[in-house]
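Trainee: Take the given structure of chain A and dock chain B to it, following the hints.
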Amino acid sequence: MKRSVWRDFTIGIIEENPLFSLVIGLCAALAVSSKVENAIFMGVAASFVMVASNILISLIRKIIPNQIRIPVFIVVIASFVTIVDLSMKAFFPAGYEALGVWIPLIVVNCMILGRAEAFASKNGVIRSIADGLGKGLGYTLALLVIAVIRELGGTGQIVAFENTIVSLKGFQPPQILQSFPGAFFTFGILMGLLRKLQRKGE
Amino acid sequence: MKKILYFLRLSLTLMLVCGVSAGALAATYSITQPIVKEREDREMREKYEDLLKIFKVDGAMLEESSEALEKGKEVVEGLEAVFDVSKDGKKIGVVVMTGSSGYGGPVKAAVAINNDGTIAGIKVLDISGETKGVGSRVIEEPGFIEQFTGKAVSDPLKISTDIDAISGATITSRAIAQDVGDAAKVFKEFAVSGK
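Line by line, the protein sequences give chains A and B. For the first sequence, counting from 1, position 164 maps to 164 in the working numbering; every step adds exactly one. For the second sequence, counting from 1, position 97 maps to 97 in the working numbering; every step adds exactly one.
Chain A on its own, in the form it takes in the complex (with noise of 0.2 Å):
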């Protein structure tokens, strides 16, 4: 039986979340999530190189023989991941100081590799297209979450984009959120409540 390409692009944001479900890509998740701004940029940057390599590895998966498949995945991810980089670096200054090597280190997010290994060189594009859409759209709402949390909970406010969106008033932030241990506690307690939450439904 064949999923539908509709369920291969939502089966991503809850049921196969990569951070929440399939807890991959943990490492820069964390480590960007302590901004709202910051988690946008990764989400889009990410979402952006799985799409792409899954739409190339899709396309050319039945000329690559199979013993080099791993070398040419981490080749067309590297490219695409260099790609977003430079350009990162020429257009979207900001997002490329603020994420740093995080960027770069998209080549190694197993997320993505993942995907490709996975999915991409075992199904057509239009199916590819639709996990990779999916599976960016989960991590970047998961990220936003988690930030949300981090960046108003830890400072007091949400500021994005040069805007104060959101200011909590009288209320003193525990710096902790802020920090990598306040990145752990908050992953782990969604976690966990998204688990009893799908425990419920079944």
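Keep in mind the hints are simulated off the structure, nothing from the lab. Note that beta-carbon positions come from the ideal geometry of N, C-alpha and C, so glycine has one too. Warning: the hint list may mix true and false statements.
As the list claims (entries may be wrong) - These stretches of chain B come out as covered by chain A in the derived footprint (C-beta under 8 Å, 3 or more residues):
(1) 15-25
(2) 172-184
Said to hold, decoys possible - Residues of chain A clear of chain B, computed beta-carbon distances all greater than 10 Å:
(3) G114
(4) I149
(5) G192
Claimed, not checked - With a Cα cut of at most 27 Å, we get these calculated DSSO-like pairs of lysine-lysine:
(6) B:K73 to B:K188
(7) B:K37 to B:K3
(8) B:K91 to B:K123
(9) B:K2 to A:K62
(10) A:K62 to A:K122
(11) B:K37 to A:K89
(12) B:K91 to B:K56
(13) B:K151 to B:K53
(14) B:K87 to B:K188
(15) B:K185 to B:K158
(16) B:K3 to A:K122
(17) A:K62 to B:K3
Mentor: Just chain B now, with coordinates in the frame of chain A:
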């Protein structure tokens, strides 16, 4: 034979993939590089606009010289940066950023030196460690800094020899003179190349 062909196919495929990738990256780079370069130049100009004003030349450009910095550090400990100043591709002087210890911390200054070895001007960058109202007078009293302007780097540039200190702020005055002397040293040793 079949095996050789197979390995050949593997390597050729990989080579092709890498070649296409290199082409795509070169294309992206050639598009983005001018934009990045332009922005970096602009940021550099904004950052050091004040320094360039010392030269009183319109359209002067600063370019950091890491070579002079590296060599200069061997002689001057507090050296922070050396810039070549040019206009229309011709070098007109250098700016040396350096620091020496004052009364309560480092006293940092940027010293602009013309190609002929005269001091074009000085901008004091950091005297945050000096006492307010005492050491800080080195920038509040305009006459002090101006004493250096026009002096040659071959002059002694010493307080009470050819520079008058601000009374009560001798240590800070001396630190500024030290910065200028260090800058002169760097200029004499390394920055004057036939460029």
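Trainee: With reference to the structure, classify each hint as holding or not holding.
Mentor: Evaluated hints:
Closer than 8 Å: that is the beta-carbon criterion, and the region 15-25 of chain B has 5 residues meeting it against chain A, so the requirement of 3 holds. Under the rule that three or more residues need a Cβ within less than 8 Å of chain A, the assignment of the region 172-184 of chain B is violated, with 0 such residues. Every CB of chain B is more than 10 Å from the CB of G114 of chain A (nearest about 20 Å), matching its label as outside the interface. At roughly 34 Å from the closest C-beta of chain B, the C-beta of I149 of chain A stays outside 10 Å, upholding its exclusion from the interface.
Taking the minimum C-beta to C-beta distance to chain B, about 41 Å, the non-interface status of G192 of chain A holds against the 10 Å cut. The straight-line distance between the Cα atoms of K73 of chain B and K188 of chain B is roughly 14 Å, inside the 27 Å bound, and the hint therefore holds. With a C-alpha separation of about 49 Å, the suggested pair K37 of chain B and K3 of chain B falls outside the 27 Å cut-off, and the hint is violated. For the hint linking K91 of chain B to K123 of chain B, the alpha-carbon distance of about 20 Å falls within 27 Å, and the restraint holds.
With a C-alpha separation of about 20 Å, the suggested pairing of K2 of chain B with K62 of chain A holds against the 27 Å cut-off. Between the alpha carbons of K62 of chain A and K122 of chain A the distance comes to roughly 9 Å, so the proposed pair stays at or under 27 Å and holds. Straight-line distance between C-alpha atoms of K37 of chain B and K89 of chain A comes to about 10 Å, which keeps the hinted pair within the 27 Å bound. Taking the CA atoms of K91 of chain B and K56 of chain B, the gap is near 14 Å; set against the 27 Å cutoff, the hint holds.
For the proposed pair K151 of chain B and K53 of chain B, the alpha carbon gap of about 18 Å is at most 27 Å, so the pair holds. A C-alpha spacing of about 21 Å is found between K87 of chain B and K188 of chain B, which places the hinted pair at or below 27 Å, so the restraint holds. Proximity of K185 of chain B to K158 of chain B is assessed by CA-CA distance (about 13 Å); at most 27 Å being required, the pair is judged to hold. The hinted pair formed by K3 of chain B and K122 of chain A meets the criterion: a straight-line CA distance of about 26 Å does not exceed 27 Å.
At most 27 Å may separate the alpha-carbon atoms for a hinted pair to count; K62 of chain A and K3 of chain B meet this at roughly 20 Å.
The structure fails to meet hints 2 and 7 from the earlier list, while all remaining hints are met.
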